[in-house]
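A.B. asks: Protein chains in written order, with this note's numbering: chain A, 1 to 314; chain B, 315 to 753; chain C, 754 to 941.
Calculated directly from the structure, the hints in this document are not laboratory data. A few of these clues could be false.
Now the in silico label distances, taken between C-beta atoms and shown as ranges [what the hints assert, rightly or not]:
1) 941(C) x 147(A): 37 to 45 angstroms
2) 884(C) x 278(A): 33 to 41 angstroms
3) 37(A) x 768(C): 51 to 59 angstroms
4) 209(A) x 715(B): 55 to 63 angstroms
5) 194(A) x 477(B): 20 to 28 angstroms
6) 923(C) x 254(A): 56 to 64 angstroms
Not the full set, but computed from the structure, chain A residues with beta-carbon under 7 angstroms of chain B [claimed, not checked]:
7) 87
8) 89
9) 110
10) 111
11) 114
12) 130
13) 131
Glycine included, every Cβ here is placed at the ideal spot set by N, Cα and C.
Each chain, letter by letter, is given below.
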Amino acid sequence: MSPKHLLSINDLGRDWIEEILRLTESFAEVSARQIPKVPALRGKNIAWLFYEDSTRTRLSFETAAKRLSADTMNFSVSSSSVNKGESLRDTCLTISAMGVDAIVVRHKSAGVPWQIANWIDASVINAGDGWHQHPTQALLDSYTLTQKFGALDGRHIAIVGDIKHSRVARSNIEAFTALGAEVTVVAPQTLLPPSLEGWNCKVSHDLDAVLPTTDAVYLLRMQLERQKDALVPSLREYTSRYGLTDERLKRLGSEVVIMHPGPMNRGVEISQAAADDARSVVTQQVANGVSVRMAVLFLLLGHNPDEETIEETL
Amino acid sequence: MSSTNQTTLIRGGTVVDATGTRRADVLVGADGLIEAVGDENADLRGDRTIDAGDCVVSPGFVDLHTHLREPGKEEAETIETGSRGGALGGFTALVAMPNTTPPMDSVGVVRDVIELGKTALTDIIPSAAITVGRAGQELAPMAELAELGVRIFTDDGTGVQDDLLMKRALEYSVGMAPFTGGASVALAQHCEVNSLSAGTFMHEGEWSSRLGIPGQPSEAEDLMVMRDIAFARSTGARVHFQHLSTAGAVALVRAAKAEGLPVSAEATTHHFTLTDAACASFDTVFKVHPPLRADSDVAAVKAGLLDGTIDAIATDHAPHCAHDKEQPFDAAPPGMIGLETALALALTELDLPVEKLVGLMSWRPAEIAGIADTHGGPIAAGRPANITVFDPNETWTIDGASFASKSSNCPYEGHEVRGKVRHTIFGGETVVLDQEATR
Amino acid sequence: MAERERKMTRPFGGVFVARTSVMSADDIDRAIWRMAHEVIEHNHGVANVVVIGLQTGGVPLAERIADALSEITNDDVAFGTIDVALHRDDIGIRPIMPEEVTSIPGDLHNKVVVLVDDVLFTGRTIRAALDALTSFGRPRSVQLAVMIDRGHRELPIRPDYVGKNLPTRRDEVVDVTLDGVQLGEMHK
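Isolated chain A, as found in the complex:
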């Protein structure tokens, strides 16, 4: 049976990650059609519950759902009962009572998708929880890399920047290593999590030492407020040590892939030229996001007959 929820990459394991990447091929084909819409999820109702602003991720999910003919509803947190003091659980029970098949949730607090999955019957898809997980981002990044490299076994990927506060880093490390790649995280000590026990990745403070051996450089968004928190002395120093500058870009191999989850801080973690370089796959990442999310929605919602129903229709 396919999974009911998509909460974290580790829940999926290599087999389901590969199954989703395989399914993504089919949905990429659908997306390329003249009329990129299939009736696969007709009658399914999906609710967006975004407690954190994310136009990009929400639009990507919304496009995916519409291409699958699902109905969608947006629970707009800013103008809703949440502002009237309603608890998270009551909000979820309310949405659930309207009859939804899936809730796609983004929240600033780690673990919220797990809590919701315990409270309601619908499928829960984690669209980002705090610093914790962002599984669909990791899946679309994995898909983008497999498009370029085929299997990721033995490939070396450097994830550079604010690992500590990054759900993208946590999910991507899990996904890339599950698919057989080797991951090195590159950051000043203050932007690494306090412990890397069980992380299955290497650590470096020296981007220049890592770059010559990488097949892909994954740059994380550098939040401007980290400077205020004394995590880095200045953005200028951060850029000079950990940014993909024009100078580093010149030394980068011709086949090395440049990735970024967006939105980019041009001139901070990535230079203007690096962002627009031919080796950058930033726009492919966005395009693949829709296909991957179609695959995820279909896997969770289109493919879950219970055993009894199957017997009846045989």
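Using the hints, position chains B and C against chain A.
C.D. replies: The following block gives chains B and C in isolation, referenced to the frame of chain A:
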């Protein structure tokens, strides 16, 4: 203290108190005092007899750290329901923490709590805040409060951050004897340095890193323990460390005691039974302050209980309504209930002889709370009849919903444990009989 | 998805046990050539004809028919594949996954599409295929070629070109490859 007009014979148990262990029956008089203690040959008889076969008969337990939520949050707990849970857990005295609404920082509020406690199923021993409003700005009227009976001052829920203010509070506390009839008072510290703990929701380490939850480093506790030990040394005031959770803090207290400083410490049941790994479920029942720590910290707390570095087992019973806990992990209030599970967890998890364990739950905390005259004393004729009768070998499965507490935020749901309170005698009254509260 | 694959997919499982051989490899070859001739006859040639095989059982047959058409007429006949899983009406009732690529050669506007599948049974797969085709344009006509028509239709769909009509029981399974056609049962 209440009494009955009947005498009660506790028959067939093994008496364990600070004087040792012996087979004895205990006759509780109608006046609320122990009338006689003797073996089978003494042939004691009471108006009624309660069975203590296979049980330990010990001085009633004393919890140095209970949140009773009254006044202010009666939906989560009241003095009555909390004391009923306490009695079922074998406690005959609960030290009520001052973080109520309004806080217990003035004579008026403390007097209310004392008044409400008069009909409770245990003694309710009020603590009071060190600073007004527990805000860490100015001292609460310590002498007035001491005169009212307060022996423990604490801003629990938060530590006193300001170094100078804390030092002044300790200095001031040294001169309380005229207002207490000669007894000393202790300042109990919730050790968390705010600049390290603000915005954190669990222990900082392997699990916080993996779960992406901002973590509180052990130093948040260690630093304040270190500071207050220095103040205990310079002021000579009594400092009590609440809910020690880190290996570093245990080591600091051990060294301070070796030096002969007037410090004492407690550990909660959850800090010697649970680790930060529990937070991986994102179940907010595991959110608590100080946070559940790593395996090595749990081992250090256990070692501290074993070697006497830690004087008392406390519950930090912190009831919360379900709807308050049903929030994101970072937004949910910290705390877990513990009155009805403390004995069983200590018996199950600690490799301690029962005499030592009873000391950690009874006479040692009674001394720290300044109530040794009524609680924790030897089971002997003429002493107040505050007695716990428990079967150390009965196994049972924890079910938070079955507890007398109004809240059920118990982190041990479904755990199989050993040791159950059978009867509790409070001031001569059998408040728990055969594992049921009598009122 | 072809009947063969669908029956093999989890959680249906089981092993196909053949009872009777219905067509040999030579029979299939002859049927392909006959159907190719019928397509040419019916459409007065192969102008605008596109042969599309249903993934996965119809694809090898469609490829052979397209090759035969090209060989007979000396014209290049376009060939494509389609996976109809996402258009099925039994999503959520059966475990359905898109299995293989859909590859349509260009816009289907005004084309004559010959859909090819191995077995025609309830007609639901063909309905899904007709639905899927609309995403690629508006063909002038759609015709259906199947190697085996085994009856038991549940929708008003009939084939234009048939390799062999084969009366079956509902619980029987027809297994079609280019090596032959077998009739048998699934054994769990």
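A.B. asks: Are the hints correct? Go through all of them and say.
C.D. replies: Structure-based check of each hint:
1. 941(C) x 147(A): 37 to 45 angstroms: The hinted range 37 to 45 angstroms holds for residue 941(C) and residue 147(A), with Cβ atoms some 39 angstroms apart.
2. 884(C) x 278(A): 33 to 41 angstroms: This hint holds: roughly 40 angstroms between Cβ atoms.
3. 37(A) x 768(C): 51 to 59 angstroms: 38 angstroms, violated
4. 209(A) x 715(B): 55 to 63 angstroms: Holds - the Cβ-Cβ distance for residue 209(A) and residue 715(B), about 57 angstroms, lies within 55 to 63 angstroms.
5. 194(A) x 477(B): 20 to 28 angstroms: Holds: the Cβ-Cβ distance is about 26 angstroms, inside 20 to 28 angstroms.
6. 923(C) x 254(A): 56 to 64 angstroms: 60 angstroms, holds
7. 87: Holds, about 6 angstroms.
8. 89: The hint holds - residue 89(A) has a Cβ within 7 angstroms of chain B, the shortest such distance being about 4 angstroms.
9. 110: 5 angstroms, holds
10. 111: This hint holds: residue 111(A) lies near chain B, its Cβ roughly 3 angstroms from the closest one there, short of 7 angstroms.
11. 114: 4 angstroms, holds
12. 130: 5 angstroms, holds
13. 131: 3 angstroms, holds
The structure is inconsistent with hint 3 alone, although it conforms to all the rest.
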